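Please put together the full structure from these sequences, using the hints given.
Protein chains in written order, with numbering that gives the first Met the number 0: chain P, 0 to 190; chain V, 0 to 190.
Do not rely on the hints blindly, as some may be mistaken.
It does not matter which identical chain is meant; a pair holds if it fits inside one copy or across any two.
What the hints assert, rightly or not - In silico DSS-like pairs for lysine-lysine, Cα to Cα no more than 27 Å straight-line:
id	residue 1	residue 2
1	82	103
2	32	102
3	20	80
4	32	103
5	103	80
6	102	1
7	1	20
Worth flagging that the hints you see were computed from the coordinates, not collected in a lab. Bear in mind the structure is a predicted one, so any value in this text is a computation, not a measurement.
2 protein chains.
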Amino acid sequence: MKLLERRIQAEGRVLPGNIIKVDGFLNHRVDIKLMGQLAEEFARHFDLQGLTAVVTVEASGIALAAICAARYGVPLIFAKKAKSDNIEGGLYRSEIFSYTYRKKVTLIMSRQWLGPGDRVLIVDDFLANGEALRGLTEIVRQSGAELIGIGVAVEKGFQPGGARLREQGIDLYSLAIIDRADQEGFLFRQG
Amino acid sequence: MKLLERRIQAEGRVLPGNIIKVDGFLNHRVDIKLMGQLAEEFARHFDLQGLTAVVTVEASGIALAAICAARYGVPLIFAKKAKSDNIEGGLYRSEIFSYTYRKKVTLIMSRQWLGPGDRVLIVDDFLANGEALRGLTEIVRQSGAELIGIGVAVEKGFQPGGARLREQGIDLYSLAIIDRADQEGFLFRQG
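And the structure:
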C-alpha cells in the first residue's frame, strides 16, 4: 500500500538491532485517520461477508483493530497476556516467546467470546518474528472459529514470521513489507 | 449514562475481592458500537474545541480511546508501561502502583508527541484506585499540555481513585459509577 510505504519512508526510523520505529503514526501516537484507510484496504482484500469479530492481542494492535471493527460493524476481541487475576477459568491458551519481554508469555482468551459459529479476521500493527500472530491463530483454531485471514500494517520481511504463517496456507495480507532497513532508508517488497 | 448502567446490570458480574467483570463488552470482547455511544456522550459533556489528541494508557483503554479519537478527528497517544527496548530517551515518566501486577510500574510517553501547544482529553475504560489515571495526568502536566478532563466508562465509586482526581479540580466524567456491587447486583450513583 503506497500510502503506508510513503509514510514509513518519511517518518520511520531504524535503530541499532534492526528495530524499526513507526511510533509517530502506528504504535505510540496513532494516526487514527490512517488507521481508517488501512481498515478500508483490508476490506478490499478480504471477503468479510459473515464476519463476526476482529481479533487481536494487547497492546499496540488494539487501536488499528478497534478501527477495523468499527468499520466492519463487528465486536473486537483482544487476547491478553496472562498476568492478571481478573481472568478466571474457561480459557483458550497459547504459549509464545515474546522478544519484547525476552521470555515466554501465555496468550489467553475467554472461551465465552469465540466459538465454532464465528468467522474472524485477525489484525495486528506489526509482524516480525510472528510469535503473537502464531499464538492468535492457535487460539482461533482451538475455538473452532473460521479464520478468514490476517491483516497486518507493517511486516519486517527479513524476519521469519510472515513466511511461517504463509507456509500454513493462511491468507496473510501485510500492507507494507520492509525487506531492508538501514540508515539509507527502507526497501519495500513489491506486490 | 443509563445505557451503560443497564448493560452492566445485565451482563456484569462480581467476583470475590470486589472484582467487577465487564469483559463481554468493555475490556476483553469490546462492543465497538457501544464505544461509539460512549464517545458521543463524552463529546456532549466536554468542550472539545481545539482538541489535539486523546490520551490513554495501554492496554484495555486503547479500544475506547481509539473510537473517541476517530469520533473527534484527532490522533490517539497511549502511554506505555516501561519494559520494551523499543523506546529510547526523551520520555515523560510517571511511577504508579499497579494493582493488577502488584508492583510499581513506570508509565512512559515520548516527549515528541505531546507538548505545551496540545489540548488533550484523557480516556480510560475503568477507574478503581486511579493509579493509571494519576500517572497519565502527571505526564500531561510534565508536557505542558492543557488537560480538558478525563472521560471514564466505568468507575468503582467505592474505591478512592475518583475522589482523589476530583479533589485536584480535574473534570472527571465517569459514565457509570458503581457504588456497591455484590451478588444481588449493582448500585449506581445517581448524577
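How the hints compare with the structure:
Taking the shortest alpha-carbon separations for residue 82 and residue 103, both the intra-copy value of 12 Å and the inter-copy value of 14 Å come in at or below 27 Å. Taking identical chains as interchangeable, the C-alpha atoms of residue 32 and residue 102 are never at most 27 Å apart, the minima being 34 Å within one chain and 36 Å between chains. Proximity of residue 20 and residue 80 under a CA criterion of 27 Å is satisfied in both settings, with 23 Å inside one chain copy and 17 Å between copies. With identical chains, the CA atoms of residue 32 and residue 103 are never at most 27 Å apart, being 34 Å at best within one copy and 35 Å at best between copies.
Taking the shortest Cα distances, residue 103 and residue 80 sit within 27 Å of each other both inside one copy (10 Å) and across copies (18 Å). For the homomeric pair residue 102 and residue 1, neither the shortest alpha-carbon distance inside one copy (35 Å) nor that between copies (44 Å) is at most 27 Å. Proximity of residue 1 and residue 20 under a CA criterion of 27 Å is satisfied intra-copy only: 18 Å inside one chain copy versus 42 Å between copies.
Hint compliance for this structure: hints 2, 4 and 6 are not met, and every other hint is.
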